[in-house]
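Asks: Residues per chain are reported as follows:
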Amino acid sequence: MDTNIARTFDVKRLRQDFPILATTVRGKPLTFLDSGASAQKPRQVIEAMTRCMETAYANVHRGAYHLSEAATESYEAARVAVQNFIGAAEPEEIVFTSNSTMAINLVAHSFGRGILKPGQFVLTSEMEHHANLVPWQMLRDAGLGIGLRYVRVTEGGELDMNDLAAKLADGKVGLVAITHMSNVLGTVTPAARIVKMAHEAGAKVLFDGSQAVVHRHVDVAALDADFYVFTGHKLYGPTGIGVLYGKRKLLDAMPPFLGGGDMIESVTLERTTYAAAPARFEAGTPAIIEAVGLHAAIDYVTAIGMDAIEAHERALVEHAMRVLPGVEGLRLLGAAQDRGGVFSFALEGVHPHDLSTYLDRSGICVRAGRHCAEPLHARFAVDGGTTRASFGLYTTPEEIDLLAEKLVDARRFFA
Amino acid sequence: MSSGAEDIQDLYSTTLRDLARNPAHRGKLDNAAATARGDNPMCGDRVDIFLNFDGPRIGETRFVARGCEICQASAAMLAEMVPGKSPDEARALGEGVKTMARTGQTNDSTGEMARLSIFAVVHKFPSRVKCATLAWSALDAALSGVRETSSE
Ligand SMILES: Cc1ncc(COP(=O)(O)O)c(C=O)c1O
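If you read the sequences in order, they're chains A and B. Per the working numbering, the very first residue in the first sequence carries number 213; after that it's consecutive. Per the working numbering, the very first residue in the second sequence carries number 6; after that it's consecutive.
The following block holds chain B by itself, in its conformation from the complex (with noise of 0.2 Å):
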């Protein structure tokens, strides 16, 4: 097993910690064309998030956060990454991140998955890996016409 010191190193990589801090694609959106909350119960991690659309393709994304850092990071990777993505690509790409955030794994190493892979190291903290993929089931929720869904 490593030391401890080096994966909360690698866990809390600067990009994370950078997004977890960036003001960029906050607050509420009004009149959103979609909507929806994603809640973890246990712990009180809450992200809402707001999207329209351009067409068929997923337009402004914006999101509101409350929770841990990796949480934050989470939601400002997804509100950053999925304007213009048709709706099935962005159910898609949350795919990939909660599998990465389960397993370390990813099928696709290049391009979008290869930003994303600063999730991937979440997979050796079992207790966080809800923390990175609350934001992208609010995202499925949104997208599916739910309103709230939860982590449990």
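Bound conformation, chain A alone (with noise of 0.2 Å):
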């Protein structure tokens, strides 16, 4: 780790930002491990919103007036800042969505219906959130031909490469939609090489990056991603706000998802024109306020340096798999080489669901049941479920030693 960043992250000093975290559950200090399903919110992201509705608010792209003037230019101010987050070479490349599952419903409709050939297949895997799962199911099941694959995930948690190049090797995929670092396993995928694999063999591809983005700088431009999704809740910042990043000929190639408001050009009651990119795929009244705290968020976790955020989480890892395995009979899902800070297990003896009501009577908040991965946890061969711990930039060593302790005692109680 470097020892430079290190000293700069001061973690007690962060924790400030977060108003939740000075609250206590049943007269406990709240330990919040479940940021992996949503995160906390510093209070630059809550004053941002607030005074975006106290000062610059109405409705944006539609008043010649100085308000909706001002609106727009803040949210239009937020796209500029998700481009620079996440390197896209233009804001018309930025789309935003209502979450990370609205953008890949995106594209499975647009690009999905609009783009693949009957014949030529999406290729996921075994390790996706449903979120990128049921979409293309749904395509698979449209009656269009378009065919659904899935990559095996091996034994370690990792992507199989071998069955990704053979699943690649006909040249039929014409979609490879895969996460970047797995929900439940904490598995980062090797982004770079599935780029470079996928257009060998002439796929484009989509990575769900809501778990990634949070935990490590992802440069989209560097990794030739064709799309790039995540979600604002994740990231620090409100719900109901989301980001489809897609390379611009892609999107202006793409028909519309959604009809409505702001998403045209012209429209007669005969025919209707719609919009370049990105306004064609936002239709309706957009989350202008949540977009705005999506805008503070970035700005907060740019300030604090993403690179500096992952090393304070490598140290989390690393602290954790000293001292997690230590605990008696817990068995941790996947054992990925290069992975973020979310850890699935099972407690040999302990229900999940007993297992978070214990821990929630010490204020500790895991995340039970199977995390919206089914297959993955059917591929584990734990179908009833696993307790998840998942960490933020908020988190310390002694919340993990703390979780530690508690399942010492978890299981002593449920013996």
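These aren't lab readings, by the way, just hints derived from the structure by calculation. Please read these numbers as outputs of a predicted model, since none were measured by experiment. Glycine residues also receive a C-beta, built at the ideal position from the N, C-alpha and C atoms. The reader is advised that the hints may include incorrect statements.
Unchecked claim - FRET-style restraints, in silico, Cβ to Cβ:
| no. | chain 1 | residue 1 | chain 2 | residue 2 | range |
| --- | --- | --- | --- | --- | --- |
| 1 | B | 110 | A | 470 | 29 to 35 Å |
| 2 | B | 108 | A | 326 | 47 to 53 Å |
| 3 | A | 560 | B | 61 | 42 to 48 Å |
| 4 | A | 533 | B | 100 | 24 to 30 Å |
| 5 | A | 234 | B | 35 | 54 to 60 Å |
| 6 | A | 451 | B | 108 | 26 to 32 Å |
| 7 | A | 560 | B | 131 | 36 to 42 Å |
| 8 | A | 541 | B | 18 | 21 to 27 Å |
| 9 | B | 108 | A | 610 | 35 to 41 Å |
| 10 | B | 18 | A | 620 | 37 to 43 Å |
Join the two chains, each given in its own frame, into one complex according to the hints.
Replies: Laid out in structure tokens, this is it:
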């Protein structure tokens, strides 16, 4: 770990930015280990959204008056912030959606139905969140002759790259849609390699960056990704806003997804011509306040530095890898070389539900269940679910120690 | 608000924990007259109920449960209590359990509902209510000739 970065990253001070972290649960300090499901919000985000509503709010792109212009300016500034955050070439490549789920559905609909051809396949993996699985199954089942393939996951919880190569080999895959970081295993996938292999096989690539973008510096241009999606609420921003990045020429070639206001060029009763991207894909009044909140969240993590956040989380992962395996009866899912701060596990003799209720009584929030990844749980023969602890930039090693201690207690309690 | 430690001791009472571990009534019933599966898709809990009839009354009842202790105990209690009841009586009992798990209240604190009162504390744990009611939903489905039901 780069010690210079470590020195400037003061987790105690950063925690003070998050009002909720100062609250208590039944008299116990809050130990929030469910940031992978949704992250807590810093004051900077909360205040930016309030300020927008108090001083600069009106609908966007519609009014020729000062307030509407101000709101439009903030909304478009958020787009530029996202563009810079993920290294997109132009703001027009950034489409605001309501979350990752909608962004993937947009691609499944517009690119899937509009661009893919009968006989082509979408290639996804066994490691996906349902958000990157169900839309592709729906496309497969739409009767358009588009098939679906899955890349296998190894016992260690990594993508089976030989299987990926084999499934690309016949050149029939039109789109590879794969997670950039697993929300269950923490595995960070070899994105650059996937892009290279896919492009050589003539396929475009979409990454589900819902988890990755929170933990790593992402550069879509350097990756040469064709599509990249993420969701605001996991990045310390508000709910209700997500992002689809798409290469300009791909977006321009795609038909619209939803129809309505703001996405048109001209409308007569006979026909409509559509606006260019990104407006084409943003029908209706967008999430203006949420875009402002996302902008503030991006400014927040950027000021800390994604590299510093990554270093902090690597230290946390190393700490967890030292501490958690010491808990008797604990089985971690996956053992990827490159992983982020997400740990799913089974604790012998204790059902995940009972465990999370038990931990909750100590102020510890973890997630129990299958984390919207049923096929992956079936793959690892834990159909009944697992317990997941996931870290944020505000997570401390002491919280991981407390978790480990309470896991030992829980095992005694349920023995 | 009460302290966490007390609640959790109440929730995981000795009675509940013994039931959750009790091997009685477990396993499939081959050639069951009625059967249904209850799934909680959010967490993966699953209860299969198998039952036979004794004339107009429910006869031998068995279950296979994959789930937490509350889910296991609830299915075990069900299998113990419904034999000898008419389908309507069994359904009414199930309604009683559901109401109790959701609200902590019961309109009948005698007899069988008193035994079931170990599930009343579940109402203090809203995310766990379905754990206590899943087996009873599966029973409802089996009695109505539906083979699958979901807690959602
Ligand atoms: C990997 C991954 N993909 C997609 C999603 C879906 O995000 P959202 O529900 O915000 O659309 C999540 C989170 O729930 C996730 O972890």
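Asks: All hints, please: hold or fail.
Replies: Now the hints, each set against the structure:
1. A hinted range of 29 to 35 Å for the beta carbons of residue 110 of chain B and residue 470 of chain A is inconsistent with their spacing of about 45 Å.
2. At about 51 Å, the CB distance of residue 108 of chain B to residue 326 of chain A agrees with the hint of 47 to 53 Å.
3. A C-beta distance of roughly 45 Å is found between residue 560 of chain A and residue 61 of chain B, which places it inside the suggested range of 42 to 48 Å.
4. One distance hint, 24 to 30 Å for the beta-carbon pair residue 533 of chain A and residue 100 of chain B, is violated here, with the actual separation near 49 Å.
5. For the hinted restraint 54 to 60 Å between residue 234 of chain A and residue 35 of chain B, the CB-CB distance of approximately 59 Å keeps it satisfied.
6. Judged by the Cβ atoms, the range 26 to 32 Å given for residue 451 of chain A and residue 108 of chain B holds: they are separated by roughly 30 Å.
7. Evaluation of the 36 to 42 Å hint for residue 560 of chain A and residue 131 of chain B yields a failure: the beta carbon distance comes to about 27 Å.
8. Remark: the range hint 21 to 27 Å for residue 541 of chain A to residue 18 of chain B is upheld by a beta-carbon distance near 24 Å.
9. For the pair residue 108 of chain B and residue 610 of chain A, the supplied restraint of 35 to 41 Å holds, since their beta-carbon distance comes to about 39 Å.
10. Here the CB-CB span from residue 18 of chain B to residue 620 of chain A is close to 23 Å, at odds with the stated 37 to 43 Å.
When the structure is compared with the earlier hints, violations turn up for hints 1, 4, 7 and 10 and for no others.
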